[in-house]
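Enquirer: Use these hints to put chains P and A onto chain W, whose structure you have.
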Amino acid sequence: MARTHITAVVNGDETEFLAEDGTSLLNALRDEVGLTGAKEGCGTGDCGSCSVMIDDKVTTSCLVFAPEANGATILTVEGLADSGQLHPLQQCFLEGAALQCGICTPGFLIAAKALLDKNPDPTETEIRYALAGNLCRCTGYDKIIRAVQEAAREMRGQ
Amino acid sequence: MAITEENPGYKWVGTRPIRPDGLEKVTGKAQFGADLMLPGMLFGKVVRSPHAHARIVSIDTTAAEAMVGVKAVITGSDFPDLAANGAHASDIDVASNAIAREKVLYEGHVVAAVAATTRDQAEAAAKAVEVTYEVLPHVLTVDEAMADGAPLLHEGMITKGVDPAPENPSNVASKILHERGDLDQGFGEAHVVVEREFTTKPVHQGYIEPHAAVADANTDGRAHIWCSSQGHFQMRAYSATVLGVSPGNLKVTAAEIGGGFGGKTVIYLEPLAVRLSQRAGRPVKLVMDRDEVFRATGPTSGTRIRVKMGVSEDGKITAAEVWMAYEAGAFSGSPVGAAGMTAIACYDIPNFVVEGYDVVCNKPRVAAYRAPGAPMAAFAVESVLDELARDIGMDPIDIRLANAAVEGTQASYGPKFPRIGFVETLEAIKDHPNYTADLGPNQGRGVSAGFWFNAGMMSSATVHINENGSATVVTGSPDIGGSRQSMALMAAEELGIPYESIKAVVADTETVGFNDVTGGSRVTLATGAAVVDACRIIVEDLRARAAKTWDVEVDQVEWVEGQAQHVEGTQPPLSLNDLAAKSGRTGGPISANASLNSRGVGAGFSTQLCDVEVDPETGVTRVVRYLTAQDAGRAISPDYVEGQMQGGVVQGIGWALNEEYIHNPDGVMENPSFLDYRIPVASDLPMIDCAIVEVPNPAHPYGVRGVGEVGIVPPMAAVGNAIRDAIDVRMTDLPMSPVRILEALNEQSD
Amino acid sequence: MKYVAPSSVEEATSLLSTSPSAQVFAGATDVVPQLRAGRSAPEVLVDLKKIQELVSIVKDDTKWTVGAATPTANLTEDQAFSEEFQGLSEAAGLIGSDQIQNRSSLGGNLCNGSPAADSVPAMVVNGVRAVIAGPNGTRVLDVAEVVTGPGQLSLEDDEFIVEFEIDRMPERSGDAYLRMIPRTEMDIAVVGAGARVTLAEDGSIEEAIVALGAVAPTVVRVPEAEAALVGNTPNEQTLSAVAGAASEVCNPIDDKRGTIAYRKQVAGVLAKRAVLIAVERAQQRNGMK
Chain W
1 MARTHITAVV NGDETEFLAE DGTSLLNALR DEVGLTGAKE GCGTGDCGSC
51 SVMIDDKVTT SCLVFAPEAN GATILTVEGL ADSGQLHPLQ QCFLEGAALQ
101 CGICTPGFLI AAKALLDKNP DPTETEIRYA LAGNLCRCTG YDKIIRAVQE
151 AAREMRGQ
Chain P
1 MAITEENPGY KWVGTRPIRP DGLEKVTGKA QFGADLMLPG MLFGKVVRSP
51 HAHARIVSID TTAAEAMVGV KAVITGSDFP DLAANGAHAS DIDVASNAIA
101 REKVLYEGHV VAAVAATTRD QAEAAAKAVE VTYEVLPHVL TVDEAMADGA
151 PLLHEGMITK GVDPAPENPS NVASKILHER GDLDQGFGEA HVVVEREFTT
201 KPVHQGYIEP HAAVADANTD GRAHIWCSSQ GHFQMRAYSA TVLGVSPGNL
251 KVTAAEIGGG FGGKTVIYLE PLAVRLSQRA GRPVKLVMDR DEVFRATGPT
301 SGTRIRVKMG VSEDGKITAA EVWMAYEAGA FSGSPVGAAG MTAIACYDIP
351 NFVVEGYDVV CNKPRVAAYR APGAPMAAFA VESVLDELAR DIGMDPIDIR
401 LANAAVEGTQ ASYGPKFPRI GFVETLEAIK DHPNYTADLG PNQGRGVSAG
451 FWFNAGMMSS ATVHINENGS ATVVTGSPDI GGSRQSMALM AAEELGIPYE
501 SIKAVVADTE TVGFNDVTGG SRVTLATGAA VVDACRIIVE DLRARAAKTW
551 DVEVDQVEWV EGQAQHVEGT QPPLSLNDLA AKSGRTGGPI SANASLNSRG
601 VGAGFSTQLC DVEVDPETGV TRVVRYLTAQ DAGRAISPDY VEGQMQGGVV
651 QGIGWALNEE YIHNPDGVME NPSFLDYRIP VASDLPMIDC AIVEVPNPAH
701 PYGVRGVGEV GIVPPMAAVG NAIRDAIDVR MTDLPMSPVR ILEALNEQSD
Chain A
1 MKYVAPSSVE EATSLLSTSP SAQVFAGATD VVPQLRAGRS APEVLVDLKK
51 IQELVSIVKD DTKWTVGAAT PTANLTEDQA FSEEFQGLSE AAGLIGSDQI
101 QNRSSLGGNL CNGSPAADSV PAMVVNGVRA VIAGPNGTRV LDVAEVVTGP
151 GQLSLEDDEF IVEFEIDRMP ERSGDAYLRM IPRTEMDIAV VGAGARVTLA
201 EDGSIEEAIV ALGAVAPTVV RVPEAEAALV GNTPNEQTLS AVAGAASEVC
251 NPIDDKRGTI AYRKQVAGVL AKRAVLIAVE RAQQRNGMK
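Protein chains in written order, with our numbering: chain W, 1 to 158; chain P, 1 to 750; chain A, 1 to 289.
No lab work stands behind these hints, which were simulated from the structure alone.
Among the hints, a few may not be true.
The calculated lysine to aspartate or glutamate pairs, modelled on EDC-like cross-linking and capped at a C-alpha distance of 20 angstroms, are [said to hold, decoys possible]: (1) A:K2 with P:E123; (2) P:K11 with W:E32; (3) P:K160 with P:D143; (4) A:K256 with P:D666; (5) P:K11 with P:D639; (6) A:K256 with P:D639; (7) A:K50 with W:D55; (8) P:K430 with P:D398; (9) A:K256 with A:E185; (10) W:K57 with A:D78; (11) A:K256 with P:D676; (12) A:K59 with A:E43; (13) P:K316 with P:E179; (14) A:K49 with A:D158; (15) P:K29 with W:E32.
With the rest of the complex left out, here is chain W:
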């Protein structure tokens, strides 16, 4: 089957890869680019584990066809830290024990970043709704919500 050549900026680097047209961006990132941070939990956009940012918008990469990414700028969890310096969300997830098994963590971090980019001072309810597309089965969400609140505070300089 013919494969399409795709060029995208992935985590700051211009990246080229090949993918079959019907392949999901998620599988292309995992199998072709070698970035396995985004996970497939459902393949139907219901769990959020595969969340990435495409041109600064968060989306579920399992619902994106790989060729759609041509020319796009993509951020995955692997690109969240800046030159080894953890993003405040990553640091707050660690310090606040906001993960247990960790499979949903990459998706939560990306979705939370998307929220805080738009809304630096969200209420608890706003956080809960903004993260409703990310399923976590281990934590009951409590510590995740608190970690996002704490990261938001830090990012606001409070």
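Expert: Leaving out everything else, chains P and A in the frame of chain W:
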């Protein structure tokens, strides 16, 4: 909040440092089951039955084998016929569930598997495997399966536990019975008697990571398996059984595991991946889609339960009668046994009969799910207890206090309880501000309690002291919720060195001694005890080395805060760093192993308080406030104790309100997706308030009881009792969905 | 499967005319799950998002024009639009998670043909029109006419929706959309209800439109509820008539998400509540309250 009997002044135990595996998990580096890629690796795909019950007439793989990129196709006949070999019945069931031979017993049952160079080729080849079925009549529930003349799943199955044994086969695999005292007398003494019948649906563990396995087989019969499981030693044992090889031929490496909750204690893909890899001569990766996870793994049992209980005027339970039937799915082994032992274990009841049935039906074989069996029974018992408290006008905590099991109580399942903390959890709820918080319109409050044994079982640990005095703690217990942190904390406490100087790792089956599964809330208890034992061996060794260095008797050396001290103080202390640096001159590397079959598990209790708001016009229920109090024994790692408590509660809330397997009349699951199998989302929930109670387990070096499971036992009744309080309707069927609640409200107003 | 992304309406229509098995898509949030489930297997995937007019929001004196593939997040984040069409904006915002919102579109939500699509009742009560492109140019169709049954459209295989025209909200008017789902997010509506009202100067209802989702093969209007409201205030009697009419017009099914009885009863509840919210918004918008 922690309620502790004593404060032993630990330096590390009970603190909240960053977990050892955290950095990898927030940066995307952690390797989970599906993340491994090997050179030349093939992608596999499983072929599954579309029928709930059918005889396999034939399987034609020729078309699939001829397709581009296809390297191997396997069916049941590629595995040894354990039944013909006279294997143990439970091994035959494991093998038959991994891949069907004569019959498929549920929709999703494996009939074949393929491996090809790309995902798409594997998918296409799986579709090209031609299976001819003779469809058989099926049974989906305990009611259907236990009915007279029901179609049989296993033609030779005679009910165990009945004397004399029945002459005819049935779908009832076994009966359990616990009795004490005289029921008639007990009910005769009661002031009020309440009897209700309950049903619950199968629910899935709902881990976010689908099952995944990679196998790389050699031509000499050996193979390496990477998989995410709750016990790679069990994956090795089960795979060896199904494949007909020695366990020593299989090396299993535990990938990071993306949730299990009991559902990853059994094999699905591993032996298939090995056989495909052997046939293809290449590594093979098998990963389930979400719908395969729902159709073919997990869930826990659907049930029908009747409970009759009586109380005296002052709230003492005089008698309890419990009848329950648990779906096992396609093969025997529902958790009805544990259900029978836990159903009334919270209470000291003089007269009772608890009777249970393990019933097979044409659904996926049930797997363990957090306190297996206990939650459904607790839903029934705790709902009836709530009715009794209402009938006699007694506070729901007070009625539980009046009957609570305490140290010395003869547990309903046999032994006498040692020191336990049930009463303390009840008091923690009563003392919490949530207990008296104001309730708004259409809001209600419910209390419920739960019990779980916790498990011990077998564990091994190795501790190495590195040349700079840091330590590596090696166990074979997959870390599902932060156990590497609790291992490191206990080792830091024992060795007297900083937590940061310790690296806790989970090793493969060839690198560390045997470990039972991560399950039963046993790892911090049992594997933790092995770590403590190994550390203590090391401390003894270090004292001996210091004694040798100082040329004194060992009893002249104490180990204090990470250094050897001479009791008389005539020698300068030797730190662990000093001793490690000198290890070559004092006896060689410093390392110790410990293996044990765990001593003294400590029973776990949880009491929970739930506030709900019900929309009386739509039947929608929202949880507005939630408090859980649980006896942890000792919270080694309070962050992750709270995490277990909160996680268990929220799974229970999902079970209470929305989660259920829905099958159509043909036995096909209709909701195998996270869209329609509705686990709670963040916006459904409030914060989950935690009260960690610490009544140390006298049989563990740090008082650990185990905290993973009991938290899921009370929530269904806590929610149901809160709904009862809000709208005066007793819900007896799970889930308490908007449809069911509105139906109940309509009936009430008729 | 081949992926193509035409850059103009003409290019897209000519592609569709020459490709016998093509699937147009915007966010693919429904298309991908259908492909995965094997429910469709097109040869060509036609991505409409690279056509400029399909991803745009334009306001003029008489109407809003919203590109059919515009992400619903763009719509909900457009403050002027969301203030004018609160109900429609909220309905669009209910389609899935934030992740989905950056991909889902009014065009996709409508053309998926689901009776439970959240934005459709809200579009119907606002009289939204679909501008449809085909090989012979464009035609305009009321949104209410686009879907003819579950998964069934009145569009030809070589047609697609370019944009939606939404007449500006009249004075003293407001809209609302409510849905019932078991959770708070991430569910398909078991019942949906949209309402729009225009008040007379005396505060009574001059015009009302009520439409229901997920209770019949297509979104349905509730003419008897509308009639009961016109000339009245939303008092207990008229609201009870609205609820009764809404329950009556339902023709639902029993399925994994709900029962016939439940859907009928709750359709009445939500219709009543949606009308009340629409009235309140109309009053607030014009300082009548």
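Enquirer: Each hint: holds or not?
Expert: Okay, the hints, checked on the actual structure:
1. A:K2 with P:E123: 18 angstroms, holds
2. P:K11 with W:E32: 47 angstroms, violated
3. P:K160 with P:D143: 19 angstroms, holds
4. A:K256 with P:D666: The hint holds at about 14 angstroms.
5. P:K11 with P:D639: It holds: about 16 angstroms lies between the C-alpha atoms, which stays within 20 angstroms.
6. A:K256 with P:D639: Violated: K256 (chain A) and D639 (chain P) sit about 38 angstroms apart, past 20 angstroms.
7. A:K50 with W:D55: 14 angstroms, holds
8. P:K430 with P:D398: 9 angstroms, holds
9. A:K256 with A:E185: 17 angstroms, holds
10. W:K57 with A:D78: 16 angstroms, holds
11. A:K256 with P:D676: Holds: K256 (chain A) and D676 (chain P) sit about 8 angstroms apart, inside 20 angstroms.
12. A:K59 with A:E43: 37 angstroms, violated
13. P:K316 with P:E179: Answer holds: K316 (chain P) to E179 (chain P) is near 18 angstroms, not above 20 angstroms.
14. A:K49 with A:D158: With Cα atoms ~17 angstroms apart, K49 (chain A) and D158 (chain A) stay inside 20 angstroms; holds.
15. P:K29 with W:E32: 16 angstroms, holds
Checked against the numbered hints above, the structure breaks hints 2, 6 and 12 and satisfies the rest.
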